[in-house]
Each structure stands twice: as structure tokens, then as C-alpha cells.
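Generate the whole structure from the sequences, applying the supplied hints.
Residue strings, one per chain:
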Amino acid sequence: MTEVWLLVLYAMVFPGVLFLVIYALFLQYVDRKIAARTQNRVGPPLVQPFADVVKLLSKEDITPEGVDRRGMRAIPLLAFAAVATAFLYVPVIGTSPFAFEGDLVVVLYLLTLPTILLFVLGWVTRNIFAAVGGTRTVTQLFIYEVPFFLALLGPAIAAGSWSISEIMAWQGANLILAILQPIGFVVALIGLQAKLERTPFDIPEAETELVAGPWTELTGRKLAVMRLTMDMALVAGSGLIAALFLGGPATPWVLEPAWLGGLVGFGVFVLKTLGILLILALVRAGMGRVRIDQLNDFGWKYLATAAILQILIVLLMVGEVWA
Amino acid sequence: MNLSQRLVGWARRKSPWITVFNSGSCNACDIEVIAAITPRFDVERFGILAKGSPRHSDILIVTGPVTLKQAKRLRMIYDQMPEPKYVIATGACGATGGVFQGLYHVLGGADRVVPVDVYVAGCPPRPDEIIDAVVKCLELMDEDAKHGGKEWRMKAAAAPPPVEVTA
Amino acid sequence: MPEVVVPIGPYHPALKEPVNFRVIADGEVIVRLELDIAYNHRGIEKAAESRDFIRVVPLLERICGICSHSHTTNFVKGIEEAMGLTVPRRGQYLRVVVAELERMHSHLLWLGVAAHEIGFNTLFMWTWRDREAVQDILEEISGNRVNYAINEVGGVRRDLRPSAIPGILKRLDVLEKRTERYLELLRHEPTTAIRFQGVGRLSRAQALEYGTVGPTARASGIDYDIRKDDPYVLYEEMPFAVVTNGHGDVYGRTLVRIGELRESIRIIRHALENLPQGAVRATPPRVAPRAEILSRYEAPRGELSHFIRTNNTDRVERLDVRTPTLANWTSVAVSLVGQHLADIPVVVAAIDPCLSCTSRITVVDEGLARTSVLTWDELRAHGIRFYREKEGL
Amino acid sequence: MTEPAAPVTPARVVEAMADFGLVTTPRRNRVRIVVSRDRIRDGLLRVQGQLACDHVVHIAAVDNGSTFELHYSLTGPHRLIVTLAVAVPRDDARVVSVHDLLPPAGIYERQIHDLFGIVFEGHPNLKRLILTEDWPEGEYPLRKDWKMDPNRSYGGAVTEAK
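Residue numbers (the numbering used here), protein chains in the order written: chain G, 1 to 323; chain H, 1001 to 1167; chain C, 2001 to 2393; chain X, 3001 to 3162.
Among these hints, one or two may not hold up.
Sample of chain G residues at the chain C side, in silico, Cβ under 8 angstroms [claimed, not checked]: (1) Thr38; (2) Gln39; (3) Asn40; (4) Asp68; (5) Thr95; (6) Ser96; (7) Ala99; (8) Pro200; (9) Ala285; (10) Gly286; (11) Met287; (12) Arg289; (13) Arg291; (14) Asp293.
A few chain G positions that, by computed beta-carbon distances, are all more than 10 angstroms from chain C [stated by the list, open to error]: (15) Ala35; (16) Asp202; (17) Val290.
Since the hints were derived computationally from the structure, they do not count as laboratory data. The beta-carbon is built from N, C-alpha and C at its ideal position, and this holds for glycine as well.
Below, the structure written as C-alpha cells:
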């Protein structure tokens, strides 16, 4: 009985949904603050993302004329649920209690859902900017998703497992994979940047071209949930990369008692995700937006090639070790 | 007021998002509004963000006199904004039409088309004054929350409602 | 993919000013464009006929807040020419200083806007930060940040305190360093390079045919600068070079503007260091004799021309304003066909459109391209061909 | 843009354009030629061909109370401004379009048409474009005798959202 309660607590409070929401808002703050500091500004206060969400929740909720009310309302919630579920498998204070062989595939699938839902949103809202933005979202998905998956395949092959926790354990026994597979790590970071539609890959929601892309018609709580979802995807994505390439929250030595180990693991998780965010935020602040055809060229010519090259290297190395 | 209302009031004060609409101005007000988001004035400190979609914004900043051609577009943008929404008219032109008052292609101040809550004087107002106008607008928002809507002000004002309706 | 009609404007976040494009796109590629830009038309030219010269100047200042000094200088120098009035040298030098400061603020503003159009917000914030230094100087000289209100018929209204000059020169040194830094950044930052180079290309022949002016023409290799070709307000005494290059694209226009920032700094330095002594204004007569003046001025965006007709009264009989943006519009419509949807903002921004200038009386012709070389069908065929080549079909 | 054999000077313009009408030189680099309405295309062709003018600076329209005047100002690599002045009678406000000779003129002509009511014959797209869509037909605000009728609606109507 107590076990079930612990699991519910894990899923809903810490490090589940509640923690995820709070941490996502915190990361948004860090992201905006880094951008502001690079731009020579002061930037928003700590509570700013929270205030934004509360305000949006309290605003009028408009459904444009001729749009399916229930469908439009369901999309942000579905996206939210997908990302929240994905995060359950991402190790935060140690191995996730929900972990199973193959959870990496599930996480990747669930993290793709918000993108596809954005595309659907673009189509159902009957707004031309949203529709063009939706088309761009899905075009972009086809460009970055393959290199991104290939890059995450590298750790899986090296560790010989589809389980996030086993890849972590493998890194504990050997070296962290960011050193062993530097190309894959870089490709994964670029893929994550594109997945989260951040500059230079914010093509679908390019403000100066498409107002806000698929987001254009979102108001009030739908906008609040959707924004929150993208921030949560940032947490889940960077947590995933931290686990696969940087060894996750694992500590090199076993700490006693267990709560201390958890605490230190949590600290490591926070540091690693913040480190990844720092890279992503600096890239965002230091670049302009590319065009979709330029992204297409870049994605297939360089990104996919690099990812495949990395896989080949991994296969050779693994073959040698196993032979 | 109960806790949730106070929380909402606080959040609205902390997170006013603005949309700038040029209803026929000479650009001077526009560049001063944009200057307010750049490093020297940096309104993101106060949570103010400039948003492209009127669907996302709380405060509409109208710059300039309303030309005949822009009048219905201005109304359309205003109608797209979700409640609660506020309008700031910048500059002498936004208030009355300024030097363009009475010209054949100018309707007049922004209040001929949309209900204006705060007027900013100046030609153009400095960015500091525009920030101050947003702050005044937020105070007004608080007052409105206490009165449960904007009607108390509308009744107090002697002027007829500013919307000009033609079939 | 079927054709999509994307309306851009009159309200659109990329456009700080109202303009409407109906972009007919085939997927992401623009097949044709229909433009409509008179949303800011206020009827200033009619109003100018009913006010005397003194009261027309503030009105013209508000044609456009960005190039307010251009319009007033151009007007007052036309009226002074009609009156046969000689403006004191100190007044002329101060006009040059304000004009070049205005050019700097406008070009910095443009650089920021162009960076914003390609989503490079950091550069946008940086240039606008530096623009504040220019605004400070302008405020010190004229008392205002945007509409300077410094011109009047006969000279300038405020003298410059000699004690202010060292501070201004110090700020110029900082701005000069920053300008070099932007040039470096523009050359080395990869996303800026791929978004600016080869976009919105206009050959020299096209630029001539469509009557482009200002940085747009100069980036296509046309050496056309009113300051040199038809010197006014003592520009013949100022040391500067006309910046041109042969790129013809957005990148070229950016290089021209950054080059002009440097030249402006040179001019301001020279003018402040050699500021003549004496009065800043002469007393003008009340009325202007009958005359017909075509007054030209090199505004930040290009050649601005005022056609002024005076008729022995204290009012103009006719004031016809042709703004640089209007001259450049035709080239936009042409250079956008076959480009990507994503390039619209940056190509439009590249001519630095000043719509409130232009729409005071304006125009754009959806048949523009038709009046030139291509018919609609040819344009469409061109768009499709471009798309095929791009996709390798 | 090739330089003509002899440099273009005011004197040369006077010589080349003398058969069109009165040629004056109001200022060092301005030449003004009065051209009759029927010969405007010939005049422009001559200016373009013989005087190497390739840039249209300005097409100004003036209502002087009795007639309309159009001033076509052109310049070229010589940076001399050649202005062709054409008078258009009020009761027959028509003139032939020159959009095919000077591509940017298409814009200027539409603008003049909208504000003065001068018809440019042969212009492919002489539609309204400056004034608002619901501006009444036949009202040309820049004519000297035009006054705003206080009892008339000049557009700008705002409708409430549904």
C-alpha cells in the first residue's frame, strides 16, 4: 500500500508533475534572464513566468468562429499530458521507479507529440498564419527528428540497451558518453533546440513572418498550458540528454543514507540541465533565424551525415569491444 | 477580495503584454515605444512583453491619429483581444488628432474608434512616459477589479461612449 | 502544393507601420504580391497649402518621426531659395550636424529592425542601445529625442553651447568602435550571412530601371547621392565619400548603411571641430516671391524631393512630396517574386520603408511589375521555375 | 547608362529641346521645358534618348486654379535635372500615361489620379489606392476648389464585431 502511495507522490508531486511545472517555470526564467543579460538588459524577475501563467489562466478564453471548441481545448491538454508522462521516465533523483526496458523509445515518442499537436492546432484554428506555421512545424519535424533519433541511438547501441537507466549505469561503469560520442552529443543538442522551436530554429512561430505561427489564435488558458508544455518539454529534453550523454543524476560513489544520495543526485540533475540550458540559451541569443529551406539543407546535409557518422563510429567501437 | 482574486490581480499587474498598433502616426511614437523595450529602458524588468498577436496581449498601444483607412482595422484588432483589455493612446495625435486634426483623411483621436483608458501627452512621449502610462493603466486595472468592471468609470465620464457605429 | 494567400498587414508584427501585402505563395515561394500602402495617408499636402511657412514646418516634421529633419530641411531650404535668403554659416553647419545624427539614428534603427526581422534579437538590442547615444546627442543639441524642432525658415532655432562639443565627440568615438564591431559581426555571424546574402537581389540595370534611390541604389553600384550630386546646406565643404558596392542584395544594403555610419561620424566631427562663429539664423521676409523650386535632399532612405510653388504670399501654392520609400517600392515588388515567404520582412525592411512618409500620399501598384517587364503569367511562371530549381525537380 | 558623346550641359538641353517649347534655366543645374500635352511622350523619349536621363526624380501635379500642371523631372548620370512642364485643362483632365517609358511613373500616376482626378490614358491599373476604400467617387481632395462637405460621409466607418 505504501508503495503505491509513494508512486503516486512521485508521479504527481516530486519529481513528477508539480516539480516539473515549477522547474519548467524556473528554466524559462533562467532562459529569459540569460537572453536579457547577453542583450545588455536586466531581464525579468524570478516570479515572472509564474505571473505570466496565472495571468493567462485568468484571461478570456476565445475560440475563433467556426473552430471546434472541444478539439481546440483538448490539444494543449493532450500536449501537456504527453510531456508530463515522458518526464516520469527521465531520471531526476536516481533511476525512475517507472523505468522499464525500452522506456527511451516511449520518451522519444511522447516528446514528439507536442510538435504534431501544434501542427494539428495550426490547421484547426482556421487562421492562415497558423496553417502556414503548422506546415512549417511538420516540415521541420521531418528535418530534425531523424538526426535527433540517430544521435540518441548512439548511447543505446553503446550500452546495448533501450533503457535510460541502463545507459546511465553503463556510463557509471565506463565514461560519460558526451566524451565518447561528442558528435552525437552536439547533434542531440541541435536537435533539441529545433524540437523546442527556439532560435535559430523558431521558423514555425517566426514572429516577423507569421505573427506567432500555430500559436496565433491561442488565448487565455490554452496559451498558458501550451507555453507551459513547451517549457516542460525543455526540462524533459534536457533531462533526457543529461541522462544519455552526461550520466544523469548518478553519482560515481554510493551515498548513504538513501535520501542523501537522492539529494546529491537531484543537485547533479539540476546542474546538468542548467548547463545544457546555458548552451541552448546562448545559441538562441547569438543567432538569427534560418529559413526553412536552409534548415532543410543543413539538416540533411550536415546534421544527418554527422549523426550517421557517429553511429558508424559507435558500431565499429562496439564491434571491437565485443569481438 | 479572496485569495484567488488577489493572486490574479497580482499576476495581471506583473505581466502586462502589449501590442502596438500604428493607426496612422508619423512613427515617432512607434520608435519611442520600441525604444522602451530596448536595453536602456528594458521594460521586461516589469514583465512587459511586446506581443505580435493581439490574441495574446492585454494592452493595446495606439499610436497616432486614426486615419479613415485604419479605423476599421483598429477596431478589428481591438475586438480580437481577450478580456480584460486596455487601450493606451500615445501622443497628442492619439488623444485628439494633434496637428492632423481636421485633415480630410483623419478621423481624429483613438477614442473615436476604441475606448481609451490612458492618454499619454507629448509629441512624441518619451519612453519613460510610455512606461509610466502602462503603470497608470495597471493601477486602473486594479481599480476596475475592485469595482468589478469598467462601467463605473464609463458612468462617471460625462462624454458619450466613444464608439462610432455605422452600418 | 496549392497556392496560399497570406495577408501581411496592415497590422503585422514585422511591420512597425501599416502596409498590406497580399502574398500569393506557392508553398513557401512567393508567386506574386499585391501591395496597398496608404494606411497612413493624412492629407498633409492639402494642409500645407492653408498654413503659412512658419506653421508648415512643424507639420512637415510630423510627416515622419524618423526622418523629421529631412523633411523640414528640404522644405526650408526650398523656401529660402525662393526668397533668395542667405542662411548664416553656423546655422547651416548645425543643420548638417543634426542631419547626419539623424542619418546615424536611422541607420542604427534600421540595422536593429533588419536583425529583428531575421529573429536576431540580440543584435537588435545592441544597435538600439547604441542608438540611445545618438538620441542623447540629439537631445543635447535640439532639446528633443525624436522630432527635433530645430529648423525654421532662415536658419536653426537653437545654438549649440561650445561646452557641449567635447562630450559629443567622446560619444562619437564610442559609436565608431561599435560600428566596426557590427561590421565584424555581420561578416562572421553565419545566420546573418545566409539570411542577407543573395536575398532581394537587384542588378545595376534593374536598380536603374525601377528608379531606386539611396542605399538601395548605392548597394547596386549606382553612385547616386544628392549630397555630392546637388550639394545643399554646405555639404560641399564636408569631407565624406559616397559608399557604394556591387552586391545588390540585402547584405550589400547593410554594408552601405554601416559605411554611411562611418562617413556620418566623419562629417559630424568635421562640422563640430570647424563650427563657424556667428548667428544661427537670418530673419526671413514674410512672403516668398513667385517661384517654382524642386528641392532635393539625401534623406537616410535616399533622395527626398519637394516640389514647392510659391506665389507672392506667405503660403505655398503647392507642396508635392516624393519620398524615397515611394521611389524604392517598385523594386521591392520585383525583387520579392521567387523569394521565400520568410524573406518578405527582410527584403521589405532592406529598403528601410518609411510608410508614414510615403502614405501621406501614396501608392503602390499591384500592376507595378506588369508595367515593367513581366506579365502576371510570366511572374507566376518565374516563381514556379524558381521553385523547381530549388527543389531539383 | 553610357555617357553621351558630348557632356550634357544646360546649353545642350536648350539646343536639343528647343522645338518643344519655352526652355528656361531657373538654376545652375535645372532646366525647365514647357511641352504641350500631345507631345509629352515625344519629349520624354527625346530626353531619355539624347540627354541620357534614366532616373525619374519626381512627377509633381499642381492645381494653379485654372489648369492642372504636371512636372516630369528626370535626371541622369550628368546629374542635371530636366523638367518637362505640361498643362492639362481642367474640363478635359486627360493625359497619356508614360508608365511604359518610366516604370516608376506607374505609381506616381495612380497617386495623381486619386488625388487630382487626372486620367492617364493607357495606364493598366488606374484604381483607387491612396484614399480609403469607401471614399466617395468624384471627390478629389487636392483640387483647389475642393471643400469637405460636412453633410457627406467620407468613409472610415467602423462596424461593431459580431
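These are the hints, each one checked on the structure:
1. Thr38: Hint on Thr38/G: holds, closest Cβ of chain C at ~6 angstroms, below 8 angstroms.
2. Gln39: Since the shortest Cβ distance to chain C is 4 angstroms, the answer is holds.
3. Asn40: At 6 angstroms from the nearest chain C Cβ, Asn40/G passes the 8 angstroms test, so the hint holds.
4. Asp68: violated, 22 angstroms
5. Thr95: Thr95/G check fails; min Cβ-Cβ to chain C is 39 angstroms, beyond 8 angstroms.
6. Ser96: violated, 36 angstroms
7. Ala99: violated, 39 angstroms
8. Pro200: Holds. Min distance 5 angstroms.
9. Ala285: With a minimum Cβ separation of about 5 angstroms from chain C (threshold 8 angstroms), the hint on Ala285/G holds.
10. Gly286: holds, 6 angstroms
11. Met287: Hint on Met287/G: holds, closest Cβ of chain C at ~5 angstroms, below 8 angstroms.
12. Arg289: holds, 3 angstroms
13. Arg291: holds, 4 angstroms
14. Asp293: holds, 7 angstroms
15. Ala35: It is violated; Ala35/G is separated from chain C by about 8 angstroms at its closest Cβ, not greater than 10 angstroms.
16. Asp202: violated, 6 angstroms
17. Val290: violated, 6 angstroms
In summary, the structure is inconsistent with hints 4, 5, 6, 7, 15, 16, 17 from the numbered list given earlier, while agreeing with the others.
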